[in-house]
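Assemble chains F and C onto chain S, guided by the hints.
Chains as they are written, first to last, in our numbering: chain S, 1 to 158; chain F, 1001 to 1407; chain C, 2001 to 2143.
The set of hints was computed from the structure by calculation and includes no laboratory data.
Among the clues, some could well be false.
What the hints assert, rightly or not - Calculated lysine-lysine pairs in the PhoX-like style (CA-CA distance at most 20 Å, straight line):
1) K1318/F / K146/S
2) K93/S / K14/S
3) K51/S / K1207/F
4) K51/S / K1032/F
5) K14/S / K118/S
6) K95/S / K118/S
7) K143/S / K118/S
8) K143/S / K1392/F
9) K146/S / K95/S
10) K2006/C / K2128/C
11) K2051/C / K2002/C
12) K1032/F / K1392/F
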Amino acid sequence: MTAEETVQQELEKKFPALAGKVRVQRARRIFVDVEYQDFRPLLEFAIGLLKFPYLCVITGLDEGDQLGIIYHMSGESGIILSIKTRVPMSDPKVKTVTDLFPSAEIYEREMVDLLGAKVEGLQAAFRYPLTDDWPTDQFPLRKSWKTPDVPKGEIKHV
Amino acid sequence: MSEPEQFKIPFGPQHPALKEPESFSIALRGEKILGVDIRLGYNHRGIEKACEERTFIQDIYLIERICGICSHVHSTAYVQGVEEIAGLEVPKRALYIRSLIGELERIHSHLLWLGVAGHEIGFDTLLMYSWRDREVVMDILTLLTGNRVNYGINTIGGVRRDITPEMAKEVLTSVDKLEERTKYYIEVATQETTIINRLSGVGMLSKEDALRLGAVGPTGRASDIPRDIRKDDPYAAYAELDFNVCTDKRCDVYGRTVVRLLELMESYKIIRQILANLPEGAISVRAPRRIPAGEAVSRYEAPRGECMHYIKANGTDKPERVKVRAPTLANVQSVKQMLKDRYLADMPIVVAAIDPCFSCTDRMIEVNNLDNGESKVLDWESLHNYSIDWYKKQGIDFSRMKKREIA
Amino acid sequence: MKILNKLVNWARIKSPWILHFNTGACNACDIEIVAALTPLYDLERFGVQLKATPRHADILVCSGPVTRQIEDRLVRIYEQMAEPKFVVAVGTCACSGGVFQGCYNVRGGINQSIPVSAYIPGCPASPKAIIDGVVKLLKSLEE
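Isolated chain S, as found in the complex:
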């Protein structure tokens, strides 16, 4: 059994609700779909038992009426486990994972600024990556947000 299949089996054994939702796409790539209420225990299990010590990045996705969030973790032997969860777009609240991964802060802030996620537990700090004067109700990465046709400023020559 390959290392990826071991991971798949361990996850499905510990969380029976995941049966059929753990997909080994190819060598070193595993994708998991989980409901948000089971997300945190799954994350901790993955870190503890399966030796996934490193959070690569958090990807936010606009899926219409839901906000998809993928936590990409990298473990031993180069395996990447991508854990996907969803929260409703009308109330996109998630809890921070910075207690487990301090580096998650910047990825969470990016989701807040660009997609309008609400991350509970983040300390007050600078916005990232948008400017301070960007309106707080405009989320550029949402599908519904179109880049406005700003009339070009006057071209200045010398």
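This is chains F and C only, laid out in the frame that chain S set:
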């Protein structure tokens, strides 16, 4: 205790009403840094959104321009992801050519870094020498791809240009030349006590901290973490190539310098292998215009560390989502840890040592002196000068170093 | 007075001091600008020197498609320069926004924020093109 004349603002009268968007916010006690807050976003151009509005092929050229030093990194990571979703089998010759350009990019990036590091500690001769050597690499890259940066060599399904045997010979001659020069740099780095004293003990990041904060690339490897995507998660031709992962136990800026110099030597080894074993065959396969629905995570060991792309396709000719995580973003957290309890004068080289890929010029630093409640804004150039002067007073002066002539 | 003016002009043309500023570029043009100062291309033989403060600079050499964060600073730096001052836009992004035209955080070319005297296209603009552009600007000043 603190000397106010150290915080001089070079620009004329400061306008109190105009707020500068500070990049770094530092809390200082005397000359020691208590804490650092880093603000990023100056280079935010909205690329991820733009990717969704353009086709897959157009995105290659957009993504290449995320970073001017790591352009092949981003372009390869992106096409690798798309090829995985589309189920394309890229010909071996293309994979070898991609790896060749990748290693040449690594060499040019590390030589660039060497120059920048030299400049930050006041050793400008090193800047001139290493950037002159870098021109050798730029000439080779121009020969192979037509441009010095932003090569445009990748396409979905392979590469766009082939290598002739004459080009291969040129590359080998240049690699030989560069290897000689790199040996000189290694000699300087390991024998010049001025350099060793200046860089040792600065920017410490213990192995535990490096693991906890997710340090990648030479920054992590200098804290004894043998993490290298070329070995852990091989892509392109690396599964078939023989090379070492360079680590160092020193955990400081000196260790990071050593790791990069050793990596240069490994790159020369890899390039020779690639050219000796270049497989025959096509350089690309046809890719469909519409990429079937699917997702992929693609990684690449950039000169700075792990670069990660996540791509989601939805069956049309435009991507559904492209997420890019550049290595500097992963290393920025570690900088705060490295600067804790160090002197303000250490800041330039510690930041330079992670080889940051955010805007190189004009970072503003807000310094909050906790002793007297003063708050001043410095620009990078004055911090740079302050740092060199501070270390000169400690006896570390590169302007007095003997310059050795190299062929 | 006329002689003094001529002398000052001559000094300015013979030894222009430049300030380099990156308005959110990918760094490729910036590295080519710095490379133009290294021994192989050596802009310094034209008397060009890189200065750190706008108050001492004659020419502002700019790269990058102006991002929103940096636009204020760009304008402020331009205003802090003493007359006569010139702006060189290096790279396609600085000329017109380049590949980033239409991106939401990008103005698209520096000529929408400050007046530009010379445009040097290229992605990135090679050091040879940069030298060519700077020399052309200096020649036009002589007239």
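Evaluation of the provided hints:
1. K1318/F / K146/S: 16 Å, holds
2. K93/S / K14/S: 26 Å, violated
3. K51/S / K1207/F: 17 Å, holds
4. K51/S / K1032/F: 37 Å, violated
5. K14/S / K118/S: 29 Å, violated
6. K95/S / K118/S: Judged against 20 Å, a Cα distance of about 8 Å means the pair holds.
7. K143/S / K118/S: Cα-Cα ~18 Å, so holds.
8. K143/S / K1392/F: With Cα atoms ~55 Å apart, K143/S and K1392/F exceed 20 Å; violated.
9. K146/S / K95/S: 28 Å, violated
10. K2006/C / K2128/C: Status violated; Cα separation ~29 Å.
11. K2051/C / K2002/C: With a Cα-Cα distance of about 28 Å, the restraint between K2051/C and K2002/C is violated, given a limit of 20 Å.
12. K1032/F / K1392/F: Distance of about 18 Å is within 20 Å: holds.
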